[in-house]
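Participant: In case you want the letters, here they are:
Protein chains: 2
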Amino acid sequence: MKLYGMSDSGNSYKPRLLMAKLGIPFEHVETSSRDGTTRKPEFLARNPNGRVPVLELDDGRFIWESNAILLYLAEGTRFLPTDRYQRALVHQWLFFEQYSHEPYVAVRRAILRYPERAAQRTPERMAATLEGGNKALGVMERQLAETPFLVGSALTVADISLYAYTHDAHNGGFDLGAFPAVSAWLARVEGDAGHVPMLPG
Amino acid sequence: MKLYGMSDSGNSYKPRLLMAKLGIPFEHVETSSRDGTTRKPEFLARNPNGRVPVLELDDGRFIWESNAILLYLAEGTRFLPTDRYQRALVHQWLFFEQYSHEPYVAVRRAILRYPERAAQRTPERMAATLEGGNKALGVMERQLAETPFLVGSALTVADISLYAYTHDAHNGGFDLGAFPAVSAWLARVEGDAGHVPMLPG
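The listed protein sequences derive, respectively, from chains Y and E. Quick note: the first sequence uses numbering that gives the first Met the number 0, first residue 0, plus one each step. Quick note: the second sequence uses numbering that gives the first Met the number 0, first residue 0, plus one each step.
Accuracy of the hints is not assured; some may be wrong.
Subject to a maximum C-alpha distance of 30 Å in a straight line, what follows is the list of computed DSSO-like cross-link-like pairs (lysine-lysine) [stated by the list, open to error]:
#1 E:1 x Y:1
#2 Y:1 x Y:39
#3 Y:134 x E:1
#4 Y:39 x E:1
#5 E:39 x E:1
Among the chain E residues that face chain Y by a calculated CB cut under 7 Å, a handful are [to be verified]:
#6 63
#7 64
#8 71
#9 119
#10 141
Just so you know, the hints here were simulated from the structure itself, not pulled from any lab data. What you are looking at is a predicted structure, and each value in this text was computed from that prediction instead of being measured. Virtual Cβ for every residue (Gly too), placed ideally from N, Cα, C.
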């Protein structure tokens, strides 16, 4: 399989981390969303929405959306429960991640980190993303004060998905010291077998 | 089952439409996200993220996130394929809906429709949501020019999810005349057995 992804992207890190844990070999194809590569026709043929990551299966078919890729790869493994309700909770947290967490925690990090986004560092934007991100972290804190992982006692793809940008939230100017259950959970995720960091070294 | 939802919300319409099609009886509990109800402690006990819809199962357990509710209800029905790759495509479109479609198409509609959001009708916001929404509709157009439904020849929960705000996009100031395949698909979704409109009457 081939994974088109950007090394510095948390969304691209999600399937990399899961494939490392599952021992699935794959070819990483570095694909930047910052230099126009994802808006070129040859990339749009893989994902018409022009985003990474994209998984290319061995038969040449594609799957896009990081959390859809996680669910595909996790099927039949310890990272996805078989119980119908538990599985619904995994889905619930994955949609929460894309709607209520990533647009604040990840976007604030990108605005602060990438020089081409400097014009977006307005007081209004920085305040709105801080507020939204802290709200999302508060929702996680409430759950993780009750259960070791987001969906009970075992790590699932919901944890892998939310780990990707939460573990790097300090680069978005978030203070995880205010979220002790989230901080303890980050360490639990990192202690799970087969963990690899987002960036080498 | 109980469904906490707001009648005028496309996100709340999604599970209502699916349950109507499946013939599942449920109690609708009108719950406004506009009057503060979803931010009260008794509602946050159901969904700590303070959003509708929320599904309450007969045993008192909750599921939130509209698309997670759709997947839960669709399990074992004609609205969710059993093939692993086809199912991944359903997930892909559901995540696309929440990240790349709803924040533009639905948000522009809400800004234009709800008086309490009038201050958000700035030229920048209106332009950004128009551009994002048209981009999302273009991604759908590309797929629907090739297949009758988003994931091939049969209607799935991906279609129900994306129908919810797309069919009402004109109220967000979008011109669906520019998207003929999307327009033809709307009619196909409405022609599927058991269809009910978002609002009575």
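Participant: Run every hint past the structure and note whether it holds.
Facilitator: Structure-based check of each hint:
1. Proposed proximity of residue 1 (chain E) and residue 1 (chain Y) is contradicted: the alpha carbons are some 43 Å apart, above 30 Å.
2. Taking the CA atoms of residue 1 (chain Y) and residue 39 (chain Y), the gap is about 18 Å. The hint holds against a cut of 30 Å.
3. For the given pair, residue 134 (chain Y) sits about 26 Å from residue 1 (chain E) by alpha-carbon distance, which is consistent with the 30 Å threshold.
4. Distance restraint check for residue 39 (chain Y) and residue 1 (chain E): the Cα-Cα separation of roughly 46 Å exceeds the 30 Å cut-off, and the hinted pair is therefore not satisfied.
5. Using a Cα cut-off of 30 Å, the hinted pair residue 39 (chain E) and residue 1 (chain E) holds, with the two alpha carbons roughly 18 Å apart.
6. The interface hint given for residue 63 (chain E) holds, since its Cβ lies 6 Å from the closest Cβ of chain Y, which is under the 7 Å cut-off.
7. Nearest Cβ of chain Y to the Cβ of residue 64 (chain E): about 4 Å, under the 7 Å cut. The hint holds.
8. The beta carbon of residue 71 (chain E) is positioned within 7 Å of a beta carbon in chain Y (closest approach about 4 Å), and the interface hint is therefore held.
9. The beta carbon of residue 119 (chain E) is not positioned within 7 Å of any beta carbon in chain Y (closest approach about 11 Å), and the interface hint is therefore violated.
10. The interface hint given for residue 141 (chain E) is met, as the beta carbon of that residue sits about 5 Å from the closest beta carbon of chain Y, less than 7 Å.
Checked against the numbered hints listed earlier, the structure breaks hints 1, 4, 9; every other hint is satisfied.
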